[in-house]
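Top line first, the protein sequences correspond to chains A and B. Sequence positions in the first sequence follow the working numbering and run 2 to 115. Sequence positions in the second sequence follow the working numbering and run 218 to 329.
Just so you know, the hints here were simulated from the structure itself, not pulled from any lab data. No residue lacks a Cβ here, since even glycine has one placed at the ideal position from N, Cα and C. Hints are supplied without guarantee of correctness; some may be wrong.
What the hints assert, rightly or not - Straight-line C-alpha distance at most 27 Å; calculated BS3-like pairs for lysine-lysine: (1) K288(B) / K23(A); (2) K20(A) / K285(B); (3) K239(B) / K19(A); (4) K42(A) / K239(B); (5) K288(B) / K20(A); (6) K37(A) / K275(B); (7) K23(A) / K285(B); (8) K23(A) / K239(B); (9) K239(B) / K20(A); (10) K19(A) / K285(B); (11) K19(A) / K288(B); (12) K19(A) / K321(B).
Stated by the list, open to error - Examples of chain B residues lying across from chain A (beta carbon under 10 Å, computed): (13) S229; (14) G233; (15) Y253; (16) K259; (17) Q262; (18) S302; (19) F306.
As the list claims (entries may be wrong) - Coverage of chain A stretches by chain B, computed from C-beta distances (three or more under 8 Å per stretch; other residues unrestricted): (20) 15 to 28; (21) 106 to 112.
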Amino acid sequence: ETGVTQTPRHLVMGMTNKKSLKCEQHLGHNAMYWYKQSAKKPLELMFVYSLEERVENNSVPSRFSPECPNSSHLFLHLHTLQPEDSALYLCASSQDEGTTSPLHFGNGTRLTVT
Amino acid sequence: GENVEQHPSTLSVQEGDSAVIKCTYSDSASNYFPWYKQELGKRPQLIIDIRSNVGEKKDQRIAVTLNKTAKHFSLHITETQPEDSAVYFCAASIPGNTPLVFGKGTRLSVIA
């Protein structure tokens, strides 16, 4: 069973809705990530948090707003999304932000924007 | 920044045959190369990784080779089984606190 839990598993929302994705890791890791996975595209890194501080934001539109209240929890707040934002959103954690730490992924939230 | 190219995008093999997936990277400073397997409807999982101080690493039926001069690395799966069917992603990263850069993935189908 994964040490990284994401909820909800599926989400359908209209373009005017506001929703949040939740991620929780039980591995004692210090770094957490949000990735976007679309068909026929590489995994796209959206945000990186290390010790609860955001260290990277890969030019993600402001309609995506992350929050990391502590090292175990990560949220992705969504508002006024576009249909092209429909994708699988994966949360991941690693021991440290450094490259020697493998990523542990959650099962993802399948988001559909109508 | 780093750029990772992965080929082929799809691969079909007969059960028992070998499968090879290749990746190239652009930044010669990259020193960590993991491979992730994502089964249908499931999360990506690390299956093997290699660091730039070695040229090959094996784990049962899976092996990864690294050619630093040519800046490419490959995943080799021998005696393939239907449960090997999945999407495989390669990735690379440079030293320091920099995130992994992933390839686009290879969909492997093992035909029984």
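Hint check results:
1. For the hint linking K288(B) to K23(A), the alpha-carbon distance of about 38 Å lies beyond 27 Å, and the restraint is violated.
2. About 45 Å separates the Cα atoms of K20(A) and K285(B), which puts this hinted pair outside 27 Å; it is violated.
3. Under the criterion of a C-alpha separation no larger than 27 Å, the hint pairing K239(B) with K19(A) is inconsistent with the structure, at around 41 Å.
4. Taken as a hint, the K42(A) and K239(B) pair is honoured in the structure, with Cα atoms around 17 Å apart against an allowance of 27 Å.
5. Between the alpha carbons of K288(B) and K20(A) the distance comes to roughly 42 Å, so the proposed pair goes past 27 Å and is violated.
6. Restraint check: the Cα-Cα separation between K37(A) and K275(B) comes to about 30 Å, which exceeds 27 Å; the hinted pair is violated.
7. Proximity of K23(A) to K285(B) is assessed by CA-CA distance (about 39 Å); at most 27 Å being required, the pair is judged violated.
8. A hinted pair counts as satisfied when its Cα atoms are at most 27 Å apart, and K23(A) with K239(B) does not qualify at roughly 35 Å.
9. Straight-line distance between C-alpha atoms of K239(B) and K20(A) comes to about 39 Å, which puts the hinted pair past the 27 Å bound.
10. Between the alpha carbons of K19(A) and K285(B) the distance comes to roughly 47 Å, so the proposed pair goes past 27 Å and is violated.
11. This hinted pair does not check out: K19(A) and K288(B) have alpha carbons roughly 44 Å apart, beyond 27 Å.
12. Of the pairs offered as hints, the one joining K19(A) and K321(B) is violated, with about 30 Å between alpha carbons and a cut-off of 27 Å exceeded.
13. With 10 Å as the threshold, the beta carbon of S229(B) stays out of range of chain A, its nearest partner Cβ sitting at about 17 Å, so the hint is violated.
14. Hint status for G233(B) relative to chain A: violated, with the closest Cβ pair at about 29 Å, above 10 Å.
15. Contact between Y253(B) and chain A, as hinted, is supported at the beta carbon level, the nearest pair being about 8 Å apart and thus within 10 Å.
16. With a least beta-carbon distance of about 7 Å to chain A, the hint placing K259(B) at the interface is held under the 10 Å criterion.
17. With 10 Å as the threshold, the beta carbon of Q262(B) comes within range of chain A, its nearest partner Cβ sitting at about 7 Å, so the hint holds.
18. Proximity of S302(B) to chain A is violated relative to the hint, the smallest CB-CB distance being about 18 Å (cut-off 10 Å).
19. Interface hint at F306(B): satisfied, since its Cβ lies 7 Å from the closest Cβ of chain A, which is below the 10 Å cut-off.
20. Remark: the segment 15 to 28 of chain A is not confirmed as covered by chain B, as 0 of its residues place a Cβ nearer than 8 Å to a Cβ of that chain, below the required three.
21. Check on the segment 106 to 112 of chain A: 4 of its residues sit with their Cβ under 8 Å from a Cβ of chain B, so the three-residue criterion for coverage holds.
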